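**Student:** Chains as they are written, first to last, in my numbering: chain A, 1 to 358; chain B, 1 to 440.
No wet-lab data here; the hints were simulated from the structure. Please note that the accuracy of each hint is not assured.
To spell it out: a stretch of chain A is covered by chain B in this simulated footprint if at least three of its residues, at any positions, have a beta carbon under 8 Å from a beta carbon of chain B; those stretches are [claimed, not checked]: (1) 71-77; (2) 148-162; (3) 207-213; (4) 254-267.
These figures come from a predicted structure and were not determined experimentally. We treat Cβ as the ideally placed atom computed from N, Cα and C, and that holds for glycine.
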Amino acid sequence: MFYRENGQFKTSYRADQQIFPIAQDRWAVLLLVACAFVVVPLLASEYLFLSVLIPFLIMAMAAIGVNILVGYCGQISLGSGAFMAVGAYAAYNMYARIPGMQMLVAVLTGGAFAALVGIVFGIPSLRVRGLYLAVATLAAQFVCDWAFLRISWFTNHSTSGSVSVSNLHVLGLPVETPAQKYLFCLSLLVVFGLLAKNLVRSAVGREWMAIRDMDVAAAVIGIRPMYAKLSAFAVSSFIVGVAGALWGFVNLGSWEPAAFSVDRSFQLLFMVIIGGLGSILGSILGAAFIIVLPIVLNLLLPWLGSLFGLEVSIAAVEHTQVMIFGALIVWFLIVEPHGLAKLWSVGKQKLRIWPFPH
Amino acid sequence: MKFRQLTLAAAAALTLGASASAMAQAQQFFPVLSGRTGPVAPNATPWANGHNDYMKLVNARGGINGVMTLVEECETAYATDKGVECYERLKGKHGGATVFQPLSTGITFALTEKVPGDKISLITSGYGRSDTADGGVFKWNFPLIGHYWVAGDTVLQHIAKKEGGWDKLKGKKFAIVYHDSPFGKELLPIVQERAKMHGFELQLLPVPAPGVEQKAIWLQVRQQRPDYVIMQTWGVMTPTAIKEAVATGYPREKMFGTWWSGAEPDLKDVGAAAKGYSAVMMQHGAEPQSAVVKEILEKVHAKGQGTGPKEEVGSVLYMRGVMGAMLAVEGVRAAQERFGKGKVMTGEQARWGYENLNLTQAKLDALGFKGVMRPVSTSCQDHIGSGWARVHTWDGSKFVWSSDWLEADQQIIKPMVKQSADKYAAEKKLTRRTAADCGS
Chain A
1 MFYRENGQFK
11 TSYRADQQIF
21 PIAQDRWAVL
31 LLVACAFVVV
41 PLLASEYLFL
51 SVLIPFLIMA
61 MAAIGVNILV
71 GYCGQISLGS
81 GAFMAVGAYA
91 AYNMYARIPG
101 MQMLVAVLTG
111 GAFAALVGIV
121 FGIPSLRVRG
131 LYLAVATLAA
141 QFVCDWAFLR
151 ISWFTNHSTS
161 GSVSVSNLHV
171 LGLPVETPAQ
181 KYLFCLSLLV
191 VFGLLAKNLV
201 RSAVGREWMA
211 IRDMDVAAAV
221 IGIRPMYAKL
231 SAFAVSSFIV
241 GVAGALWGFV
251 NLGSWEPAAF
261 SVDRSFQLLF
271 MVIIGGLGSI
281 LGSILGAAFI
291 IVLPIVLNLL
301 LPWLGSLFGL
311 EVSIAAVEHT
321 QVMIFGALIV
331 WFLIVEPHGL
341 AKLWSVGKQK
351 LRIWPFPH
Chain B
1 MKFRQLTLAA
11 AAALTLGASA
21 SAMAQAQQFF
31 PVLSGRTGPV
41 APNATPWANG
51 HNDYMKLVNA
61 RGGINGVMTL
71 VEECETAYAT
81 DKGVECYERL
91 KGKHGGATVF
101 QPLSTGITFA
111 LTEKVPGDKI
121 SLITSGYGRS
131 DTADGGVFKW
141 NFPLIGHYWV
151 AGDTVLQHIA
161 KKEGGWDKLK
171 GKKFAIVYHD
181 SPFGKELLPI
191 VQERAKMHGF
201 ELQLLPVPAP
211 GVEQKAIWLQ
221 VRQQRPDYVI
231 MQTWGVMTPT
241 AIKEAVATGY
251 PREKMFGTWW
261 SGAEPDLKDV
271 GAAAKGYSAV
281 MMQHGAEPQS
291 AVVKEILEKV
301 HAKGQGTGPK
311 EEVGSVLYMR
321 GVMGAMLAVE
331 GVRAAQERFG
341 KGKVMTGEQA
351 RWGYENLNLT
361 QAKLDALGFK
371 GVMRPVSTSC
381 QDHIGSGWAR
391 VHTWDGSKFV
401 WSSDWLEADQ
411 QIIKPMVKQS
421 ADKYAAEKKL
431 TRRTAADCGS
């Protein structure tokens with residue numbers, strides 16, 4: 001009833017193939033993006049920016065990258081944290097060693113280096129599949145952890161192994177205040193989201209999906225598995241690497257290899273699985289679930305406790321939060337194994353035929 | 001209906017809360033980044049309890065010239081990203097945070113980049129970046145009374161004394177077992193410097209976090225048989241190391257911890273087997289007999305307001321929390337001398353207090369720290385204040401002092417601090433603070 005496309009006729013192929021063929025969707029998304037650019041910076045507090053929104057945006061971008069590889073091309077990867085680390089450290093080295101380096105250039109070069117490393121670690125995917133590939137990509141994680149801890153050149157010979165950046169500028173504009181950082185990350189997320197969405201709708205995206213669904217059949221119809229798989233690794237690692245550079249530069253400011261540990265890889269994989277494999281929207285929803293929910297629970301639990309006159313100790317809150325979070329993951333996966341994105345599309349379908357379900 | 005009742009209750013609770021906080025007088029807010037869960041929980045919990053108990057004691061004594069202290073905790077679980085989130089959450093609360101004590105070197109590194117913008121000081125008593133002792137570059141960092149280079153220098157001094165002089169160390173082999181993170185690596189420059197000076201060999205043995213997997217490391221120790229093992233460990237890593245040492249048969253008398261690796265939770269479980277293990281202490285050790293502990297027991301715990309269990313009051317890490325709280329409070333008191341007694345200090349004003357701290361022995365004795373610590377006095381250039389340490393040894397059930405007071409050799413540390421700080425300033429394109437800035 002509220003959500004019908006009656007009367008929306010497509011008169012050209014162009015109109016038929018746009019990202020959001022339904023007008024309501026199109027307007028809603030545009031409105032949402034406009035809100036994110038205009039209204040949020042006016043209303044959000046510093047805490048909301050720095051601790052919730054910026055980590056969420058950057059992780060959403062990383063999740064999009066992982067989703068291209070895992071969701072669209074079907075290559076399970078546990079090396080995403082490593083590709084983030086490569087992006088961050090490559091960008092750091094570009095920024096610290098080359099005088100007058102633009103931050104944006106450094107971040108994008110970080111992505112390019114991550115793409116290279118991604119291709120190298122993607123080579124095993126030509127031979128091994130599924131869970132075995134996951135184990136093979138785990139090697140990337142250990143190699144990178146080791147390299148950034150042990151080879152002091154990468155950290156500019158810092159005694160503690162911790163590196164930091166400051167005085168960030170993009171195209172002459174400072175990226176210092178929380179709102180500026182937020183807008184910078186949001187712009188990059190929008191650009192990369194659009195890029196990824198268009199990529200997966202294009203020929204190369206269809207090749208990835210063909211490989212995912214059945215690689216032998218795909219090879220038979222003339223898709224080169226090596227090209228398809230390695231291009232997925234490259235594109236995915238590029239986006240993940242850029243997100244890693246942002247995580248270091250914008251979110252942390254100062255970081256050590258532990259910021260990109262194997263936990264980060266698992267976290268990214270969970271985002272993609274919970275959000276929905278093979279869905280750009282799913283990546284964003286998954287990132288929101290994994291990043292924002294723990295913080296919300298953490299803030300909510302003491303407040304709930306005080307409502308019933310209970311003094312909840314800080315350690316109890318932490319434990320309860322982990323338990324509730326775990327239970328929610330299980331619950332969501334039981335209710336909708338295809339992720340939050342599928343839940344959303346089911347909801348849309350229901351809205352469409354409401355109030356007459358048949 | 002039910003929902004309505006709930007919202008009404010919520011609204012009532014909110015308005016009540018709001019009016020209550022409006023009625024209360026302004027308080028000096030000390031945020032606490034605690035580690036009550038995670039890999040360092042057994043050690044970080046007594047620290048937070050000690051800190052909070054001392055703040056309660058300050059209030060029982062009548063506040064800081066009448067200004068009451070207020071504490072709010074946020075749990076970091078020793079994770080850097082969570083710590084940064086907690087910092088953002090707490091920094092603006094209750095009229096603004098006075099000072100942060102992150103109790104984690106990783107979090108300190110991250111916050112060092114943030115505090116100049118927010119104008120809040122960091123006290124990193126005994127941890128964090130060693131080069132932040134240079135106040136000329138690090139305006140907002142205060143590694144008061146010790147950092148890792150002080151720990152490393154004093155523990156080596158103690159060993160040299162036992163051996164009969166620095167020249168006796170020539171050719172000896174030292175294994176350094178350290179947490180593979182900025183925290184662990186911070187110790188290395190000073191031992192490397194000393195190794196170069198006195199000609200002893202170093203064997204660096206990094207342990208990946210959280211440090212429960214150390215079999216390979218101790219196998220190496222068994223093969224190489226170093227003359228001494230120095231441990232830079234924290235949390236669950238320390239008891240694991242000592243247990244592995246017992247299993248390998250490495251003599252505990254040859255093992256020395258730095259000051260985060262020698263507290264009761266680390267050795268309780270190993271008990272008698274750990275006899276002979278020593279650790280250098282940042283001035284204080286377990287101080288159940290000190291006046292301040294007795295006062296806490298009497299004015300806080302006896303009234304049922306103790307934060308943690310009564311048994312841990314006066315233990316090593318509890319005392320470190322007490323000392324951290326005392327330094328934070330005394331800085332505010334010093335700032336009040338300048339900016340107005342009985343007023344709530346802003347983060348910026350408190351910073352002046354930390355930079356002009358002058359705790360004489362008489363003042364410390366009056367606060368109940370007689371025999372616990374020595375005088376501290378900071379200045380614009382010197383953000384550490386003093387560098388004393390003592391070594392204590394586990395006798396199977398408790399710690400006993402095994403050395404006299406040791407002072408870190410500033411002739412060696414000062415140039416290292418300056419060099420490292422200059423490097424940081426060059427990387428960040430910062431200039432050293434001018435004399436005019438020092439007075440402000």
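**Student:** With a Cβ-Cβ cutoff of 8 Å, does the region 148-162 of chain A contain at least three residues near chain B?
**Tutor:** Three-residue rule met by the region 148-162 of chain A, so holds; n is 6.
**Student:** Go check the region 71-77 of chain A versus chain B for me, would you? Three or more residues, Cβ under 8 Å, otherwise it fails.
**Tutor:** violated (count 0)
**Student:** Would you say the region 254-267 of chain A counts as covered by chain B, given the rule of at least 3 residues with C-beta under 8 Å?
**Tutor:** holds (count 5)
**Student:** How does the region 207-213 of chain A fare against chain B when you require at least three residues with a CB closer than 8 Å, holds or violated?
**Tutor:** violated (count 0)
Hint check: violations occur at hints 1 and 3; the rest are consistent with the structure.
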